[in-house]
Amino acid sequence: MSLRLMVDGRVLTALVMLAIFVAATTMALGFPEKARLMPLMVGVPACVLAFIQVILEARKAGQELKGADQAESTDESEAHKALLLGDRHEEINMFFWMFMFFLGFLFFGFVYAAPVLVLGFLRYGKSESWKTAIYGAIGTGVVLYGLFEHAFEIPLFEGLLVEWFFG
Amino acid sequence: MDVGGIFESLWTILGSSQNLLMLFIAVPVGMFFGAIPGLGGKLGIVLCIPFVFGMDPMAGAIFLLAMHSVVHTGGSIPSILFGVPGTGPDAATIVDGLPMTRKGEAGRALGASLGASGVGGVIGGLFLLAILPLLRPVVLAFSPAEFFLLAIFGITFIAMLSGDSLSKGLMVGLLGLMMAFISLDPHTGTPRYTFGQLFLWDGVDIITAVLGIFAIPEMIALGVSGGAMSMVGKTGAKYGMGQVIDGIFDVFRHWGLTLRTSIIGAFIGMIPGLGGDAASWICYGHAVQSSKTPERFGKGAVEGVIAPETANNSKEGGSLLPTLFFAVPGSSGMAILLGAFVMLGIQPGPAMALTGMGTVWTLIWALMLANVLAVFMFLAMAPAFGYLSYVRGSLLIPFVLTLTYLGSFLSHRAWENLVLLTVLGVLGYFLKKYNWSRPPFVIGLILGPIAEDSFHKAMALWGPSFLLRPGAMIMIGLIVVSVTFYIWRTVKANNKKGEGHVAQAHG
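Just so you know, the sequences run in chain order A and B.
Under our numbering, the first residue of the first sequence is numbered 6, with each subsequent residue one higher.
Under our numbering, the first residue of the second sequence is numbered 401, with each subsequent residue one higher.
To be clear, the hints were calculated from the coordinates, so they are not data collected in a lab.
Relax, there's no trap hidden among the hints.
Quick list of the computed label-pair ranges, beta carbon to beta carbon:
| hint | chain 1 | residue 1 | chain 2 | residue 2 | range |
| --- | --- | --- | --- | --- | --- |
| 1 | B | 812 | A | 49 | 30 to 36 Å |
| 2 | B | 414 | A | 170 | 49 to 55 Å |
| 3 | B | 454 | A | 136 | 33 to 39 Å |
| 4 | A | 35 | B | 867 | 25 to 31 Å |
| 5 | B | 649 | A | 129 | 49 to 55 Å |
| 6 | B | 538 | A | 163 | 45 to 51 Å |
| 7 | A | 104 | B | 567 | 30 to 36 Å |
| 8 | A | 104 | B | 881 | 42 to 48 Å |
| 9 | B | 457 | A | 101 | 37 to 43 Å |
| 10 | A | 137 | B | 414 | 38 to 44 Å |
Listed next, the in silico BS3-like pairs over lysine-lysine satisfying Cα-Cα at most 27 Å (straight line):
| hint | chain 1 | residue 1 | chain 2 | residue 2 |
| --- | --- | --- | --- | --- |
| 11 | B | 833 | A | 131 |
| 12 | B | 503 | B | 692 |
| 13 | A | 131 | B | 832 |
| 14 | A | 39 | B | 857 |
| 15 | A | 65 | B | 896 |
| 16 | B | 896 | B | 699 |
| 17 | B | 832 | A | 65 |
| 18 | A | 71 | B | 833 |
| 19 | B | 892 | A | 65 |
| 20 | B | 503 | B | 699 |
| 21 | B | 833 | A | 65 |
| 22 | A | 71 | B | 832 |
Glycine included, C-beta positions come from ideal geometry on N, C-alpha and C.
So here's chain A without its partners, still in its complex pose (with noise of 0.2 Å):
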């Protein structure tokens, strides 16, 4: 399989569940007999489909390559690909923020950083004036903090960072 096509992200999805189940599958092999009986039962199956997926998935990308090779380079083609260029990069974008806000939640706890986060992504991450992303991050904050906190009487995580600091 050329380098080009398991970068096709169809392929690449095909080749992660194929990946998944043949993990699994080989895992369930040490487990003892009654244990590793449905595993096995699931994870077999799965395998020899994910495996015919991947290659289904990849005699479609190649085509498709094949014929994006031989046709010329239109402007209706090239509009095309700065479509596809714009949403990887949205989709990087979200990627980033969704990180930002699993790791702000993980390190720092929801009261602190959830109207951090949310001032962040309206402000920087989708350009909202200052007073949305200020209205919002306060919103957010009363809601956690108040509602969850001291109206339900529910103690929320505190982050990673202040269990170490502060025990």
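Following the hints, position chain B against chain A.
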């Protein structure tokens, strides 16, 4: 039938200020999630989970069920006013709802949809009440053999939920099943796929898995699309309250159709996997077929609004049945609700027929009351609901992400769930992007432990001959019928496509 018990359950709601309050809050929240295209009931439940955490189980369950049951009532608003379905099953309402709006009958269409939703929801609940006495002995007669096959039957319905590709749908379902095995094996105590992590010994948290596979990918996709959630124009149609009330009366003018489509919808809801899309389109088809003037449909016939809307709401009553008594969710929305019930301490399953009938009746009442309440709330807040369709998606993303992470943490109070949520969120996004149907994942995750446990019990009791028990043979028959139906449907669709291509080539 324990009539006293049924009305006692009604008093559980009406006599408790907390339960009543939950009902009053749930209805506008559910309509909100329905009215904003792209949100929907599934996301609604997962986002409300943090708010019901630690609440009295019954109050929490009433809130979530009531909210979920009126989502389609709100979903019909953008379908009728803008031609953009609030939720998938509301797409059928566009066919006649939008032409009515263009003819200047937006209020009448909204009233018809509202009345139909309310009546459909109530009939769905009554259908469930009526069928329970017949169902109870069936539930109690189920042995592990039948339960194993029932789980397999549920899994075959993955095929129905698989969208365009059966193999992709099956694989996602098998992934859900595989994830269900992450835990200490209940028979040998062997840790399976736990990687030395204590928090995985009890299994993967269903709420976290559902949030990861559904909520996070939706938000990333929304951000990538630029936050244009509804694609709705700048101005909506204007309508008067008189028109809305006239539309509500239309439902009673066509009482025969309303009754028939409500019962059809509730019946379809009982069949796991068929889902809301099937119910609304089948009922729309029935309305056309049974009409003396079918040529009016598609041009603004009010029956074309009534039929899908009654079905949308009545199917919720039907789908409660397999969800509560067999723990086999009737739809992907019900699968999430099932996970939420378990989190609240309500354990669906056959034991419900013995000790949990009070809970079942209370939930049925909640479903019916929510549908009635939705009608009055809509009348009171009609103009505001129309504006909901203009809400910018980008503004919702950070709040939804925050609630998603919060819900995942609160479901087990384990920070490790945040890591699992992120990993599943990334996987879920690519599954969504490359058209791998995601609902089968939830079905697999929920049915996995039922299938495994029942299989081992049946083998211990009867050996492989458990497959020859009469109940088991009936279940095997049902599995064969469902698979054959799927294959027949696919072949028929492919033939149609082929004929279309040939006609195009000749034309």
